[in-house]
Amino acid sequence: MNREEIFNDSKKYTVFTWVAQEKFKPLVIEKAEGIYMWDYDGIRYMDLSSQLVNVNIGFNNENIIKAIQEQAAALPYIAPKHTYDKRAELGKIIIEEIAPPNMEKVLFTLGGADANEYAIRLAKAFTGKDKVFSKYESYHGSTYGAANLTGEAERSSPFPTISGFIKFQPPHLYTYDIQFSTEEEATKHFLSRLEYQIIMEGSDSIAALFIESVTGSNGTYLYPKGYLKGVRKLCDKYEIVMVCDEVMAGFLRCGEWFACQAEGIEPDIITFAKGVNSGYAPLGGVIINKKIADYFDVHALPSGLTYNSHALGVAAAIACIREYQRLDIKTNVQTLAGKFAQGMEKLKEKHLAIGDVRYIGLFGAIEFVTDREKHTSMLKGKDGKPFLSQMIANLYKFGLATFGHGATIMIAPPLIITEVQLEEMFGALEEALTFADEQL
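Under the working numbering, think of the first position of the sequence shown as 10, with each following residue one higher.
I should point out that these hints are in silico values taken from the structure, not numbers from a laboratory. A quick note: this is a predicted structure, and the numbers were derived from the prediction, not measured. You may find that some hints are simply not true.
[What the hints assert, rightly or not] Below, in silico cross-link-like pairs of lysine-lysine (DSS-like), each with a Cα-Cα straight-line distance of 30 Å or less:
#1 394 x 34
#2 34 x 176
#3 101 x 176
[To be verified] Restraint-style ranges between C-beta atoms, simulated for each label pair:
#4 86 x 162: 36 to 42 Å
#5 350 x 303: 22 to 28 Å
#6 130 x 402: 26 to 32 Å
#7 211 x 42: 31 to 37 Å
#8 194 x 51: 34 to 40 Å
#9 61 x 402: 16 to 22 Å
#10 238 x 348: 24 to 30 Å
#11 10 x 402: 35 to 41 Å
#12 361 x 248: 38 to 44 Å
#13 238 x 152: 39 to 45 Å
#14 49 x 25: 49 to 55 Å
#15 113 x 26: 33 to 39 Å
#16 312 x 351: 24 to 30 Å
#17 351 x 17: 25 to 31 Å
Beta carbons are placed, not taken as given, at the ideal position from N, Cα and C, and that holds for glycine.
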């Protein structure tokens, strides 16, 4: 099939998510390698966002592809009530080599949304309580339960919403109407508000509190110093299961296997997906601590899906983790983090339309504004049309591919990126972002 046939048949016979079908024009990709992809006209694009912050290891990794091929030949699928060698191997790797020391077992799912769905059920069953806390400006997936966890207006929960899902104020300082002299002061303020809400909702009715260890698609927000530790203490105080959503932030994206580890946090549950096998096959998971694992030793897990622990996803994950280790991706991320931060700050200094840049490891976001002092988001361009779609289209013209949300674009390249490629990326961005300044 040529480019036109692929484009036309995709539009005619398939449905694309998050967009109205009529005017959407998907880019038709022919091949990909490393941190680049090519369309059918031979135009090369640098992957600024690791697709959906999942292709951490880059495209076309031969060892992961080989692992999938070998697994497909040996055992492509087996029902999740059975087990096999790779399931046991991956579970052992995650618990003994990667997860925080308090973690005991892992449940394998197909992705991040269903991992969060399972975490909701596990926490409710374990505690015997019903309410679930999550913050505004969060994203936990688009399945029904995960969508009710999600706290954003643009991608709000499906109607009718599920009762018992409670949202709390995010400690995102950039647009907050109170200015604090220190991060510690901000932390005290937000934790006080959160504790008040826990008390008023009835602490004995709250099963779990979900929080992204680093806020992902809402703009890579980092928490003020001590905030996550304070949330951990509140969860301990009121016997609430703390769930860290590491779907985007996990698997070395922030410089550690899980972002919560950099904060010295031991959650009760961790949900993951994306970077576990860099999207080479569907896989997600829920890691649980000893207390929860012990509970389900004597109580049945009240749910299941046909493709849990799918052999191809599991095999890809083992190979991907070994590639992270072989290539010393952890060191690469930690080494380049400083240059990544410098590049982001330089962009902000050069472009007046950039209101804020936020980053950790190789995980970042650029937020565009029409007024820096008032933090007025640039939602529309000079022509009155949505700004973000125009910005992303403009980036493609410069050979840069990413996604965004609201007035923010993600900058989260594959973790195999080199220093030279990082310089190339920021050089291209410096030119491409002039478009945003022209909208002022």
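For this session: Just pull the numbers of the violated hints for me, sorted ascending.
Result: 2, 3, 5, 6, 7, 8, 11, 12, 13, 14, 16 and 17
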